[in-house]
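Chemist: The chain contents come next:
4 protein chains.
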Amino acid sequence: MNSFGRLFRVSLYGESHGSGVGVVVDGCPAGLPLREEDFEADLARRRSGAKGTTTRREADAPRIVSGVFEGRTTGAPLCLHFENGDVRSGDYEALRHTPRPGHADLVARQKFAGFNDPRGGGHFSGRLTVALTAAGVVAKKLMPNITIHAELKRDEDFDTRLEAAIREGDSLGGLVECWVTGLPTGLGEPFFDSVESVLSHLIFAIPAVKGVEFGAGFAVAQMRGSQCNDAILDAQGTTRTQHAGGLHGGLSDGNPLTLRVAVKPTSSIARPQDTVDLRTGQPARLELKGRHDACIALRIPPVLEGAVALGLVDLLAQNGGLGQIWGQAAP
Amino acid sequence: MNSFGRLFRVSLYGESHGSGVGVVVDGCPAGLPLREEDFEADLARRRSGAKGTTTRREADAPRIVSGVFEGRTTGAPLCLHFENGDVRSGDYEALRHTPRPGHADLVARQKFAGFNDPRGGGHFSGRLTVALTAAGVVAKKLMPNITIHAELKRDEDFDTRLEAAIREGDSLGGLVECWVTGLPTGLGEPFFDSVESVLSHLIFAIPAVKGVEFGAGFAVAQMRGSQCNDAILDAQGTTRTQHAGGLHGGLSDGNPLTLRVAVKPTSSIARPQDTVDLRTGQPARLELKGRHDACIALRIPPVLEGAVALGLVDLLAQNGGLGQIWGQAAP
Amino acid sequence: MNSFGRLFRVSLYGESHGSGVGVVVDGCPAGLPLREEDFEADLARRRSGAKGTTTRREADAPRIVSGVFEGRTTGAPLCLHFENGDVRSGDYEALRHTPRPGHADLVARQKFAGFNDPRGGGHFSGRLTVALTAAGVVAKKLMPNITIHAELKRDEDFDTRLEAAIREGDSLGGLVECWVTGLPTGLGEPFFDSVESVLSHLIFAIPAVKGVEFGAGFAVAQMRGSQCNDAILDAQGTTRTQHAGGLHGGLSDGNPLTLRVAVKPTSSIARPQDTVDLRTGQPARLELKGRHDACIALRIPPVLEGAVALGLVDLLAQNGGLGQIWGQAAP
Amino acid sequence: MNSFGRLFRVSLYGESHGSGVGVVVDGCPAGLPLREEDFEADLARRRSGAKGTTTRREADAPRIVSGVFEGRTTGAPLCLHFENGDVRSGDYEALRHTPRPGHADLVARQKFAGFNDPRGGGHFSGRLTVALTAAGVVAKKLMPNITIHAELKRDEDFDTRLEAAIREGDSLGGLVECWVTGLPTGLGEPFFDSVESVLSHLIFAIPAVKGVEFGAGFAVAQMRGSQCNDAILDAQGTTRTQHAGGLHGGLSDGNPLTLRVAVKPTSSIARPQDTVDLRTGQPARLELKGRHDACIALRIPPVLEGAVALGLVDLLAQNGGLGQIWGQAAP
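Residue numbers (the working numbering), protein chains in the order written: chain A, 1 to 331; chain B, 1001 to 1331; chain C, 2001 to 2331; chain D, 3001 to 3331.
Heads up, some of the hints might be wrong.
[Claimed, not checked] Okay, derived cross-link-like pairs now, DSBU-like style, lysine-lysine, Cα gap no bigger than 30 Å in a straight line:
| hint | chain 1 | residue 1 | chain 2 | residue 2 |
| --- | --- | --- | --- | --- |
| 1 | B | K1153 | B | K1289 |
| 2 | A | K153 | B | K1153 |
| 3 | D | K3289 | C | K2153 |
| 4 | D | K3289 | D | K3141 |
| 5 | A | K51 | A | K153 |
| 6 | C | K2141 | C | K2289 |
If you're looking for bench data, these hints aren't it; they were derived computationally from the structure. Keep in mind the model is a prediction, meaning the values are calculated, not measured.
Okay, chain A solo, but in the shape it has when bound (with noise of 0.2 Å):
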């Protein structure tokens, strides 16, 4: 379903050449101070223009439609739209019959018997991430002494991987890390709702992820427990070592947070792909015109960080700590 949190719940809608896309968010305390302008800078981060990043100019201003009152939350639901503007969608038109290779064009075509929007993937478009980001700002803004960051982890030879893929016309994929530090101690609920598998359920909503590991991730899986296990230096629970990722028993245990995500290539390339014509059911060639990321791990730290934030806002909020936490943000 679109929608996600238990107490902080954001809903989105909206497709990548419709009119616009948007997230509802409900359960932001009230009082909170937001304006557009606080959601330029994660905006400016997610948005193309790197090299590696599509040409694409998108109109990344949002408007608050709802749940603001003289500059601040009122505790109704937040509305956030943002108007699509340069769209093209023509460069989709050819590509309704030969499903890219590596996108949800068939799979989206199976599932909704063929109504589903193709312009630009529709729904399924990484557009949609650009509400995810915004509602991940109002997120980090109720948890002002959490910090969140995330960064691509560029190798010695990522630069040259990456023009090399774009002078060939193909694309690349990436590694994102992301710490939490200020976590107070405790959040998570068992069984289900470890921190682990709240962060992990929207992280992996995110397009393009194919993998999430916490602490050592998957090195834990050659190691043996006298060196995996994190000794405790003290009664608050800071351990010497942070395997676990500053998670044990699926609860936030004091120590930083430390996450890693696997991004795959973009999957639009200019490079000719094998393909089926759905009209005939015969193999075809697809060669993709278009504007693309060559490798869309560049844009993602913004959005994994906001992905991160709503899952620990919810979580916060079920703990009945969000209202003091984002209290001290206010005047």
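Given the structure of chain A, go ahead and fit chains B, C and D onto it with the hints provided.
Modeler: Chains B, C and D alone, transformed into the frame defined by chain A:
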């Protein structure tokens, strides 16, 4: 929270050293043949006994408390209860003030203000997975045309490393793979209930899981699009490769679903570990006696299958497909 | 919270005197023909204009912001937005410190620490029911074989009493009846989601509703079993009487569903009322100007139909019946 | 579904003539003193015995299966189980093909394709309310400053009418009133989770309830605004009258909450009734033996209190007020 599922909903309860553990399964269609023997095979796979698993003998015979009449489900909630048998709480008494590294002991104490049941980890114990496995058995029976299989990935020196770990009073992590065949196309509910989201939510609730990846998983971060994209071979959506793990746009695409899970080494080890004495706040040295698994990953496969089955059966139900599909199991 | 529904989920947003109100409808099957004209009939029934309703002229033309492509629903969320037009906030400014009796003014202020939007009741305004009605229109279109009809019960002297109330600057309550035919047998999900539970949950969300009864309703308290029980006439479950309102054990029994709703008189009246001045804590005398309905019950029927439709369509969806049923509406 | 509640969630299971009934209570804060004796008073009020109630003697002693350690709740789910004792299924065997008017027999059979447990109504039995009552006891203990009281409204000739009904093998309906004092202001979550919505959802899950009204209830339909509006007396929101039942805008307003519930007469009566023989489809004459209540309303008050308590405790929890409030109960 201790319940999960929109239409097929499980609610867990119980503690490691209390009177028992169990699960209420709501939303199971009426008419499914169900006997206590149906649980034996998966519970035996999960049970201790193999080299590297605990010598604690658990009473793993479920009692069907409700929801079955004359050998078939009635449409009312199933309550599946497991009495706790071979419990030696004394083993754990000494640990009350010296939390075990790698366990939830300390954070559970903090979250629940010291009122949590500390015996054997209480509600945080891996013992709860017996109930999860049992619920998964019901889910699997409802999907007779879908095969879910998980197994520990044993590389060549696994047995050598395991024996060394046991000998040295240590433990070992592991990697568990799972694949699913027979899935209909189009399962998953955008935006937030991608198949990956729902499955990872459930899987990360299993104690000791620190990473989840689908298809090529973390390897996609190093791939190019031309390499990662799964070429489409026919109008049904058969793909040449399955780097996406049978999932596009968060939806099942008709190809086999594959995932891998990183399981950390058992936290309870015989080797001395550093912790804190909560009475004094001073460093303490912990030597665990008790009976423990050396490699909990050995017991994870049926638990993982259960978690995956619960997620899939709920998504099937949301697509109206449950009645139809389970119907084929009825006489 | 501002969302409701398990598979067919609506999320409301907006305020009386903000930029608009709207609703996100999630879970609507793909392929339903939907145009903005489809909403006209019910919105006109709800709109002001008849004797006893406000002279405020609302911009009740919905904009379909998302979820429709080439005239049909796509399976993605519908966003239906209503701009607010004829707004005179100045009318309400004076009221900020003298809460209106019968309204949420004071309690909203207390709940939201004074940050709530006070203009025209803000998010508590009956204006929100335009979005509820619109969502109900979609729900009704998905159930073409089910008829839902509500109307004000006008006893013989209703018009006389209404005219007197208007003349005297007062208002009038009303009783609204609703009946539903064509329901399949067995809707409703024990224990907590009886049809009565789901419908009353939605109906009591409509401002001004103070009572809900099904079938013989409150009259059953005076009946004997031999009189109240509905004799069963055939194997399909046709009953001689329908004192149970077409609901047994919380499930639809195949007979017409009937319910009645008590609507309180409009709280905003011209006659002077006693309240408090929040600045001084002293008693105050309130004389409302503005434009108000004399009998809000006159406008409730399409809203009530919408609420009932939303509950029924969600229960149908949970029974896997939605696709099947709406399919009959498609060309 | 058989679970209810956002943060304080109950999940019911069991059947009238199966091995037992019970409830899993999730979200109960840790540290609440809880013993099996705590349930006695409310269970005794609900138990049969008074004139007009069944002679069946139920084993109403709950077993606390999980969630309590050393006399206090642990924060893990409570499982409260009631064994079924004095069961005479033979009484009901003959009824299998002649559904009882006023009961769920026929509709349950239709919904569950004949697989439902028909003995004593199975999962549809009023027996389930023993578990609801027990969960309500926990909820009440968490709100020591809030008083919830329900009682049958006995008009002057109630006893006379009851005796006549018993004498004639018939049954009688009743009206049950409930009032709540000590509620904080601002409970309830717009738009859909008005206090009325949440409470009526729970109350209509109680078998035999056909109407729910708050404050002046159905009488408001005949009132004028000048008469119905509750004049505000001070800045805390004390009102001169309480026609709104202590609820404005769906929120608790600080005044006593009042509601009334219409309970239909027990459906099982000794007098012959018309039904159908499902084997032949022909009319049949039903004469019930068994042991039945003549006036189920006599036993409703503690059940109603329980339902109300469950709704209020969940709303309190959503306002972050649960910890704070129950804290006052702790030593």
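Chemist: Against each hint, give a clear statement of whether it holds in the structure.
Modeler: Checked hints:
no.	hint	verdict
1	B:K1153 with B:K1289	holds, 29 Å
2	A:K153 with B:K1153	holds, 28 Å
3	D:K3289 with C:K2153	violated, 42 Å
4	D:K3289 with D:K3141	violated, 39 Å
5	A:K51 with A:K153	holds, 16 Å
6	C:K2141 with C:K2289	violated, 39 Å
When each numbered hint is compared with the structure, violations occur for hints 3, 4 and 6.
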